[in-house]
Amino acid sequence: GENVEQHPSTLSVQEGDSAVIKCTYSDSASNYFPWYKQELGKGPQLIIDIRSNVGEKKDQRIAVTLNKTAKHFSLHITETQPEDSAVYFCAASNGGSQGNLIFGKGTKLSVKP
Amino acid sequence: DTAVSQTPKYLVTQMGNDKSIKCEQNLGHDTMYWYKQDSKKFLKIMFSYNNKELIINETVPNRFSPKSPDKAHLNLHINSLELGDSAVYFCASSPQRGGKAFFGQGTRLTVV
Chain A
1 GENVEQHPST
11 LSVQEGDSAV
21 IKCTYSDSAS
31 NYFPWYKQEL
41 GKGPQLIIDI
51 RSNVGEKKDQ
61 RIAVTLNKTA
71 KHFSLHITET
81 QPEDSAVYFC
91 AASNGGSQGN
101 LIFGKGTKLS
111 VKP
Chain B
1001 DTAVSQTPKY
1011 LVTQMGNDKS
1021 IKCEQNLGHD
1031 TMYWYKQDSK
1041 KFLKIMFSYN
1051 NKELIINETV
1061 PNRFSPKSPD
1071 KAHLNLHINS
1081 LELGDSAVYF
1091 CASSPQRGGK
1101 AFFGQGTRLT
1111 VV
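Residue numbers (my numbering), protein chains in the order written: chain A, 1 to 113; chain B, 1001 to 1112.
Keep in mind that the hints are not guaranteed to be accurate.
[What the hints assert, rightly or not] No more than 35 Å apart at the CA atoms, straight line, and that leaves these computed lysine-lysine pairs for DSBU-like:
1) A:112 to B:1009
2) A:58 to B:1041
3) A:22 to A:108
Worth flagging that the hints you see were computed from the coordinates, not collected in a lab. As the structure is a prediction and not an experimental result, all values here were calculated from the model.
Can you build the whole structure from these sequences, using the hints too?
In structure tokens form, the structure reads like this:
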């Protein structure tokens, strides 16, 4: 089955700096890669996603890149703000008959004012 | 309107009890899931339902049983609760299997 590795487990940046979180996946059939943000006491919330036919996607300060050959994808947050502090999860799925979102172990991002 | 809602938000119970967590989605999605998040924040899939049929059970003890009375609801029933069952349980739904998933707010279960 699919296995998703996520690094780093914790990340601390100064406000205004960029943050990068990286994930690798094992199943070459995976074709959908979302990123979730989880704030304290809340459920994970989708912030951006990418499909395997696209190499990069941007939404304001957030971008995701995908390298299918290397089977890794990354989340980039520019001009970080204190409200970006949260736990971020990457996930992968193949959407097939056994398709499920398999999550990485999360990255706790702290943005210091 | 809340897209995916689950109740209760908090549940404290003694070992050996039986409890249920309810989940409802108003998004018209075909697939619903239960995830368990442990103290280290790891999110693990427990069940997924598509059109009222269980399609995956990820080696979860049979003390856990999902029940779906209709497409909009997926409840989680747990028998003979154990200390190790303490965790946050999340319900989620998506338009299709493995697609964009929307999560509920979670139910924090504490077994004492």
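Here's how the hints hold up against the structure:
| no. | hint | in the structure |
| --- | --- | --- |
| 1 | A:112 to B:1009 | holds, 30 Å |
| 2 | A:58 to B:1041 | holds, 27 Å |
| 3 | A:22 to A:108 | holds, 13 Å |
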